[in-house]
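Enquirer: Fit chain A to the supplied structure of chain E, relying on the hints for placement.
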Amino acid sequence: MYQQIISFGWLPRALDELAAGAGLTIWLTAQAIVLGTLLAVIGAWAKTSGPKWLGIVFSVYVEIIRNTPFLLQLFFIFFGLPALGIYLQPDQAALLTMIINLSAYATEIIRAGIEAIPHGQSEAGLALGLGKLHVFLLIVLVPALQVIYPPLAGQYTMILLGSSLAAAISANELTSVANVIAAGNFRTLEVYLVVTLIYLVIVFVLRGLLALLYNLTIARSRDQRMRVL
Amino acid sequence: MIHALGPNDFLYILSATQWTLLLSAFAIFGGALVAVIVVAIRMNPVRPLAWLAMGYVQFFQATPPLMQLFLVYYGGDYVGIRLEAWQAALIAFSLYSSAYLADIWTGCIAAVPRHQWEGSRALSFSEPLTLLLVIAPQALKISVPPTVGFLVQLIKTTSLASIIGYVELVRASQFINNSTLQPLLVYGFVACIYFALCWPLSLWARTLEVRLAKSSRRS
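In order, the protein sequence lines correspond to chains E and A. If you read the first sequence in this note's numbering, its first letter stands for residue 9, the second for the next number, and so on. If you read the second sequence in this note's numbering, its first letter stands for residue 707, the second for the next number, and so on.
It is worth saying that the hints were derived from the structure and are not from the lab. Note that beta-carbon positions come from the ideal geometry of N, C-alpha and C, so glycine has one too. There may be inaccurate statements among the hints.
Under the rule of at most 20 angstroms between Cα atoms (straight-line distance), these lysine to any residue pairs were calculated in the SDA-like manner [claimed, not checked]: (1) A/K920 with E/A227; (2) A/K920 with E/E25; (3) A/K920 with E/S15; (4) A/K847 with A/E915.
So these bits of chain E aren't anywhere near chain A, every CB distance computed over 10 angstroms [to be verified]: (5) G17; (6) D24; (7) W35; (8) A135; (9) L169.
Which bits of chain E does chain A cover? Going by a derived footprint, with three or more residues having C-beta under 8 angstroms, they are [stated by the list, open to error]: (10) 74 to 80; (11) 86 to 98; (12) 101 to 109; (13) 174 to 184; (14) 190 to 200.
Bound-form chain E, shown alone (with noise of 0.2 angstroms):
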């Protein structure tokens, strides 16, 4: 029985390409996050103030995705779509996946924190003459966001984890480029080790600088502040 010795010779010429690969991870979720969020803000409007119709159409799509793995989701992106004449580049299916497995739940939070708020206020908003859709954005949106930041901010996290599972169809996101240098080097532990540490790192800072942005523009009083673990 022979024993392998851990080694980390191989860092030092692997950090440019684990740095582009963490790069991209970083890049994909932000780009999710801003656009998830804004489709889920619609979903949550149309689930409680919007068309009937719509909202149906919203709630089968939230129920659809929050109940189907997010890598079947990827792959009938990333394979299925190309059967329908829509030829995705794999970082492109991988944003496109991250953008609606995030919104559907998303739209579910948001929708919780929009129906928290009192009825009169609303209807307060109204009788100042403001019109339907600013009733909606700083009546209803703004003071339910207060309530619903940090589970929000919870969800960001899962989807910056989720987003390693493009490394399936091979996008040139973190996991991917560890999957490369592995098959390299035969270093797999290492690796793995390694870029799990950068995946812990890259998790506590977004949750650092959410926590940061929520208590310097949301939290009103001391005891209201975001921890960041």
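Expert: Only chain A this time, still in chain E's reference frame:
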């Protein structure tokens, strides 16, 4: 060999459902066992040990499940154990579950009102006995909806085992897709199976939550 998609292909995929379910069942069971230990360590008065338990939970919640799976699968070699795909998946997803369940259950224990502890203390119950006889039964009631919710998350996460070669729903559908080239039908069918497994659980969790909210408002 490429062949036309036939009823046998669907039956093959359908029969792979059992491997997804078995892996999920054993992983949630193993996870629950480990989670009880993690919660116990988390609640003990020795601070460094409690921090260790918190670190454990944080690690699993802040790293991709795929990396956890790879670390277990390839890490076995370094300690001289050659793990099969199913063994690695079972270990990795049990640990993954244990961290999430420990987090959920710690929250549930904290949600039991403080005066329950104080009342038991006044009746001269020891702390472990209070936890076991007074707090745990109440926490158990609160913990059912989020635990069922996590089970849905776990069933979906077991699909990652396909990446290391464990033949469950997704892996089986990849085989069929590779030989029939009908991705929309094949992956659509698998999506339906997952939906049929997960949706009732999601609805059940929601019903339990509503019922719990009503009963706590009454009392």
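Enquirer: Does each hint hold? Answer for all of them.
Expert: These are the hints, each one checked on the structure:
1. A/K920 with E/A227: 30 angstroms, violated
2. A/K920 with E/E25: Status violated; Cα separation ~54 angstroms.
3. A/K920 with E/S15: 57 angstroms, violated
4. A/K847 with A/E915: 10 angstroms, holds
5. G17: 16 angstroms, holds
6. D24: 21 angstroms, holds
7. W35: Label holds. Min Cβ-Cβ 17 angstroms, cutoff 10 angstroms.
8. A135: 31 angstroms, holds
9. L169: 4 angstroms, violated
10. 74 to 80: With 7 residues in contact (Cβ-Cβ under 8 angstroms with chain A), the coverage given for the stretch 74 to 80 of chain E holds.
11. 86 to 98: Answer holds; 5 residues pass the 8 angstroms Cβ test.
12. 101 to 109: Coverage by chain A is violated here, the residue count being 0 at a Cβ distance below 8 angstroms.
13. 174 to 184: holds (count 3)
14. 190 to 200: Since 3 is at least three, the answer is holds.
Of the numbered hints given earlier, the model fails hints 1, 2, 3, 9, 12; all others are met.
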